[in-house]
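Based on the provided sequences and hints, a complete structural model is requested.
Numbered by the UniProt record's numbering, the letters in the sequence shown go through residues 1 to 361 in order.
One should not assume that every hint holds.
[As the list claims (entries may be wrong)] In silico EDC-like links for lysine to aspartate or glutamate, alpha-carbon gap of 20 Å or less:
| hint | residue 1 | residue 2 |
| --- | --- | --- |
| 1 | K355 | D343 |
| 2 | K128 | D343 |
| 3 | K65 | E103 |
| 4 | K355 | E241 |
These are computed hints drawn from the structure, not numbers from a lab.
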Amino acid sequence: KLQLGLSTTPLNLDYLEFCCRQELYLLQALSNHALQELFDLVKGQLELPGPSVTVEAAGTTGRPKMLIEEQRLKEMLHTQLPVPCIATLMGVSRSTVFRRKKEYDLSVRSMYSTINDDELDSLVASIKNDLPNAGYWMVRGRLESMGRRVQWRRVAASMHRVDSLGVISRLSGLGCVVRRVYSVPGPLSLVHVDTNHKLIRFTVIEMIYFVLNLHRIERLWRDVWISVSSKYYNLLHSLEENELLDISCADDIFCVHYAILPRLKRDLEIFTEGWNHHPLCTEGNRSPTQIWEIAQMLNTNTVCCGLDSETGIIVPEYECPLVEEMMTELQTLVDPTDPNITDEQLYIACYEHIKRLQTHC
Numbered sequence: 001k002l003q004l005g006l007s008t009t010p011l012n013l014d015y016l017e018f019c020c021r022q023e024l025y026l027l028q029a030l031s032n033h034a035l036q037e038l039f040d041l042v043k044g045q046l047e048l049p050g051p052s053v054t055v056e057a058a059g060t061t062g063r064p065k066m067l068i069e070e071q072r073l074k075e076m077l078h079t080q081l082p083v084p085c086i087a088t089l090m091g092v093s094r095s096t097v098f099r100r101k102k103e104y105d106l107s108v109r110s111m112y113s114t115i116n117d118d119e120l121d122s123l124v125a126s127i128k129n130d131l132p133n134a135g136y137w138m139v140r141g142r143l144e145s146m147g148r149r150v151q152w153r154r155v156a157a158s159m160h161r162v163d164s165l166g167v168i169s170r171l172s173g174l175g176c177v178v179r180r181v182y183s184v185p186g187p188l189s190l191v192h193v194d195t196n197h198k199l200i201r202f203t204v205i206e207m208i209y210f211v212l213n214l215h216r217i218e219r220l221w222r223d224v225w226i227s228v229s230s231k232y233y234n235l236l237h238s239l240e241e242n243e244l245l246d247i248s249c250a251d252d253i254f255c256v257h258y259a260i261l262p263r264l265k266r267d268l269e270i271f272t273e274g275w276n277h278h279p280l281c282t283e284g285n286r287s288p289t290q291i292w293e294i295a296q297m298l299n300t301n302t303v304c305c306g307l308d309s310e311t312g313i314i315v316p317e318y319e320c321p322l323v324e325e326m327m328t329e330l331q332t333l334v335d336p337t338d339p340n341i342t343d344e345q346l347y348i349a350c351y352e353h354i355k356r357l358q359t360h361c
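What follows is the structure, given as structure tokens:
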């Protein structure tokens, strides 16, 4: 505007005065804001913890030696972060990390599990029994949560030996997920509570607390459905089609809650442990656990704001149709934690026992 005003002949002084006043107001309004932003940025950088290394001056020539505590380096290696990431977090070069590893006789290869293929196949089969539709990353994440660090190639080979048909079926069932876009400063900056209503027909609602910037809720719900919910969804609908389950009958709903709900909770806990240790392609193949540990190392400042005043969700509860003596008898005869009984057999046993008790009454 100033250039346009100065280029006119003769000069339009009124227009120049208007342009100058407008620019002056704009600069005055932005100056305080810009200085405050710069001040906050500098203050934030000063409050960040310094590199966890010390400098040793040994001699008069050459650069000083960068010392890294052995225990600290071990902890960083156990997080399974790559060496370039560890070097960045410590404020040193990759070569320094490699030299300290050699000096302390530390090796990433030695941190992998030494179990043989038969033991690995047994563990993978156990995981597939709990999460039939779990893929490569979820199985490896579950192994990590069990304290078994196994190479990717060994996990893939074991999956092909144990569940070759499942590998093919999952490849044919892949789909695209439309995701929401979030923007948050870092891990745990915003915690969202969401519920899944796939099993609401049977008065079961799955609730999940997830952290934005680690994973997106659409992808998470898809994985929950594939790994956990679909198994119980198909089971309960099959029981309903076979006239073994009536959703309008309080006794049948009680059987679902007694026999199926504990196993659903257990499988969700297993899924959560595996999910927290599985790599995320959108985060450089780092797991949610690794991202959280990185945030802890950086000592990210968190400020509580925008808290929801809602106290929670009220879910109606069904009263137990059995008296105390009958409930004790049911708990003795039907154990929801018995691994030798399938989900369907467990429900039918509970269903028949309650019908028998009601007949005698």
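Open item on the list: Tell me if the straight-line CA distance from K128 to D343 falls inside 20 Å.
Closed with: 15 Å, holds
TODO: For the pair we were handed, K355 and E241, check the Cα-Cα distance against 20 Å.
DONE: 19 Å, holds
Open item on the list: Check the hint pairing K355 with D343 against an upper bound of 20 Å on the C-alpha distance.
Closed with: 18 Å, holds
Task: Given pair status - E103, K65, alpha carbons within 20 Å - done: Answer holds: K65 to E103 is near 13 Å, not above 20 Å.
Taken one by one, the earlier hints all hold for this structure without exception.
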